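> Given next are the chains, with one letter for each unit.
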Amino acid sequence: MKVKLHIWRQKNNKEKGKFETYELNNVLEDMSFLEMLDVLNEKLILEGKEPVAFDHDCREGICGACSLTINGIPHGPEKATTTCQLHMRKFKDGDEIWIEPFRAKAFPIIKDLVVDRSAFDRIIQAGGFISVNTGQAPEANSILVPKQNADNAMDAAQCIGCGACVAACPNGAAMLFVGAKVSHFAYLPQGQPERKLRVLKMVEQMQKEGFGNCSNLYECEAACPKEISVRFIALMNRDYLKASCSEEKLEVINNE
Amino acid sequence: MILDGKVPSGHITEKWDKHRFEMKLVSPANKRKYKILVIGTGLAGASAAASLAELGYQVEVFTYHDSPRRAHSIAAQGGINAAKNYPNDGDSIWRLFYDTVKGGDFRARESNVYRLAQVSNNIIDQCVAQGVPFAREYSGYLANRSFGGAQLSRTFYARGQTGQQLLLGAYSAMMRQVGLKNIILHTRTEMLDLVVINGIARGIVTRNLLTGKIESFVGDAVVLATGGYSNVFFLSTNAQACNVTATYRAYKRGAFFANPAFTQIHPTCIPQSGEHQSKLTLMSESLRNDGRVWVPKNPGDKRKPTDIPEEERDYFLERMYPSYGNLAPRDIASRAAKRVCDEGRGVGPTGNGVYLDFSDAIKRLGKKVIEERYGNLFEMYERITGDNPYETPMMIYPAPHYTMGGLWVDYNLMSNLPGLHVIGEANFSDHGANRLGASALMQGLADGYFILPYTIGHYFATTKLEKVTTDHPEFKKCEEEVKERINKIMSIKGKKTPTQFHRELGKIMWNYCGMSRNEEGLKKALDLVPQLREEFWNNLTVVGEEGDLNIVLEKALRVADFLEFAELMLWDALERNESCGGHFREEHQYPDGEAKRDDENFCHVAAWEYTGVGNKPIRHIEPLTFEYVPLTIRSYK
Amino acid sequence: MGLLNYLRSTILSKVVMAITGAILVIYVIVHTAGNLLIYLGQDTLNSYSQFLHSLGPILWIIRIILIVSAILHIVTSIKLKFENWGAKPTKYAVKNYLKAKFSSRTMIWTGIMVLAFVVYHLLHFTIRVTNPQHYYPEFYQPHNAVSYVLLERFDVYKMVVLGFKNPLISIIYIIGVVIVGFHLDHAIQSMFQTLGYNQKHYFPIIQKSSTALAIIIVICLVSIPISVLLGLVGGKI
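Residue numbers (the working numbering), protein chains in the order written: chain A, 1 to 256; chain B, 1 to 637; chain C, 1 to 237.
If you are wondering where the hints come from, they were derived from the structure by calculation, not from laboratory data. Values in this document were obtained by computation on a predicted structure and should not be read as measured data. All C-beta atoms in this analysis are idealised placements derived from N, C-alpha and C, irrespective of residue type, glycine included. Hints may be right or wrong, so weigh each one.
To be verified - Here's a subset of chain A near chain C, in silico, CB distances under 8 Å, partners left out:
| id | residue |
| --- | --- |
| 1 | Ser131 |
| 2 | Gly172 |
| 3 | Gly212 |
| 4 | Leu217 |
| 5 | Glu227 |
| 6 | Arg231 |
| 7 | Leu235 |
Said to hold, decoys possible - Residues from chain B that face chain A, not an exhaustive set, calculated with beta carbons under 7 Å:
| id | residue |
| --- | --- |
| 8 | Val128 |
| 9 | Ala129 |
| 10 | Gln130 |
| 11 | Leu142 |
| 12 | Ala239 |
| 13 | Gln240 |
| 14 | Ala241 |
| 15 | Gly386 |
| 16 | Asn388 |
| 17 | Val482 |
| 18 | Val543 |
| 19 | Ile551 |
| 20 | Val552 |
So here's chain A without its partners, still in its complex pose (with noise of 0.2 Å):
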């Protein structure tokens, strides 16, 4: 089948970018999204063009490297589904595709289709992980999860990291990816000590990287790959509050 490509390129985060078109002809259905780019980017460099940058890894929809906003939608038009995942049978012949970044203004863009996603590990370093050493754990089965606990709190651990919920949100909100940090911990026996801390700390970074606000459009959820569910949002929003009435908001006052 035969692609028309309409794909945006930038030298660096200095200079203006701007759509390019690519014609394609031999398009397998078979072929994933990204190995269409693959066959491009073959073509590129045999006429001694610089390919487009992408970023990719695990391509088997886990690792979140794979971004691209695909006419309109992150990781395109396949439901639950990363660009990696995603197929040329989902196209049709003589189709006109538009790929953008991920776009928002705490992911800078590297180079065409390369952003900056460090603000989400940098939103983790500020409190998504359960303070404990290697060495200070007790005896596994001697804390106890309620089954229905474990299973919430392994619906928002899913989150891969990818940042397509920012891209999808109209604000370029991060309060998806940071709702289900939140909630994978708050679900948890394990991470009540820090509750309080971790989202008041968690949700500050988010402020200072300059995501956006939330308006409640749940577009993350639906552009979401792994289907991560707004309730999360809700539960950190509910967690920030009384956070924000207690001991440790004065903490991390005084810390300031």
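Model the placement of chains B and C on the given structure of chain A, informed by the hints.
Just chains B and C now, with coordinates in the frame of chain A:
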């Protein structure tokens, strides 16, 4: 040379305790004077970095990803083994040890495996404390399942994403230390060389993948946690960026590479659909519990599978291994599939595929039960292939998955180069010639959380290290060599892309050093690989600039090392004139196709020493003794 | 500005939006219910109006709460909106929405229009400067009066009927109310989400109820000018 694994004396159950007591300590105040460079942020790297930083060492961590959480450990599906014996089904440390040694076809170091089984329980404790959401019973206690045909349930799991959850646990522990400024994290930074000063590993040379800047980092110890090299086959279940460069560069600087020919081929992967294919996707082995594997009886039968009548189908696993049937072990099932495809009876567009058919199971159990058991996998299969496995049989084919070989390390996880420690899949240590399911996660975390943090202290306490900075001439020399290599690659200006070379290399390796190997093929490949390498250095094209994010250059540097490494792998496969585990030499098999070990001549680790590009490396030996698990023949009849 | 410190926090800002929004929603519901008294006739509506006026200081407390809520709601929304625009400096060339409803994506615009509508509404009926000619005193006899007395009160009923008999004014009101409906469609469920009440099983019900409530309010309020225009209400005036 006969290598010394530095295994402590005493009974195997006491070795580790005794060794921990005998090892010298570094006092807390002195720990902060030592800097450790950790390369790789998978399970092994992240857990080691976190643990070492918690102890008070200065740690610098390097990853070529944009975030440490992208490391390929994240893709592990099934679970992690531990000898907790929660189900009360008779498990013990000894049994886990025994199973792992036997599963590795007696080519692993007994003492290491025993230690691995010992610390397996601590890993589960640690991960639970970190908040890893393992599966639970309604009572709130941890759930277990059986795995890989084991006779007991010792596997802990978090849905089908155990690797992800364990990695996120280690990652969060590490990020906590980054936040506390105990760890300096370098992302999008790829190690391109190891710096050895007076025989001691003292640092690395890296390339910043965004700016192209070549930099040196000095440390008191270097820890490689850079994973395996399955991508030498081009198509594997590994991630795109997985490569051999870090370990291979260490090998070129004098570290010994052990058992490079030991690779694991996983039987149930989605087959290649065409030349464009970039990777192979693993489908959980559990599918073989209900699926029946078959191919058409007649070669070249192009009919739709549902049109082929029962009497024209060959359920070859059931035919060849009547007692185990479709549940034959990984290596056996993989080789059987290859055999029928080689006879021209393979299915799918490339002829490299066999059917995995659920129609009988659906008839017997109903669609609903099958959906409950495998719904997710069926969906994933449909997403990738476009076929609905409820209606038409799945197609599967074996694919390279894990590499048991790696840099040689002693009991302390230190290579023959003092200061160079190697952990996780990057070392050769615990799996022998074949890895059991749910053991890779266990080993990565054991090394990082509970072994290296002790042994590295012993190294510091017993070694006098001279003061070195990156101004040392050896650093400058290495930097120059790296720059020269890059310049050379940039200036070839030929006509073939790095991917084209990689694909060709992969074909050679898969055909001659894949699921089964023979002398003739290996010798042929030893002829082909240097030719391809020669062509690479004369006909490669790399576009773009060196001082920029350059995906072609990154790839070219990795392929360049694979092209040299492949030869090492071939030498090992050729010289190991026996079959064992994943290393199957056609010359050495029982009449029923079983791997035939030669314990008299090959009950040892082969550790190779570099002697120059294109030269045959020197084969050193570390003899293996089996005092506690007697050598026996693995049989599945 | 200690009071406005909450603006520094994204979540607290949203909480203020939700709480002030909730106050305004409750007001809209009560107001709608009051307005429906028009169907019970001139006397009922005018008595209700007189009752409200007789509350005196309480009325003013309610008014102040409403005014403060509205101001906080507006100030916070403007702050959030500017931040949101800043957080997404480059728009996609092609954008497809998956889940966000039209009403959800246009909150700032419907909000501005609702504000304009409310201002007009206040000028029209409360401060009575746009159509002073519709405003008449009415004389009535209290029910408990022993002797014959006539008391004067404002004839709200007549004012509404005369106002809505003008098709232009009716159209303004109908459009205004529909915009309020759009705003509420998103707002009510959003309030629950922001305040953390989103449980797997109940939230879909809340979302549907949000839309249903918005529709009911719109129908109730729109019915009044339509009834007047059709002569079903206040035909004799």
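> Where does the structure disagree with the numbered hints, that is, which hint numbers, in rising order?
1, 5, 16, 17
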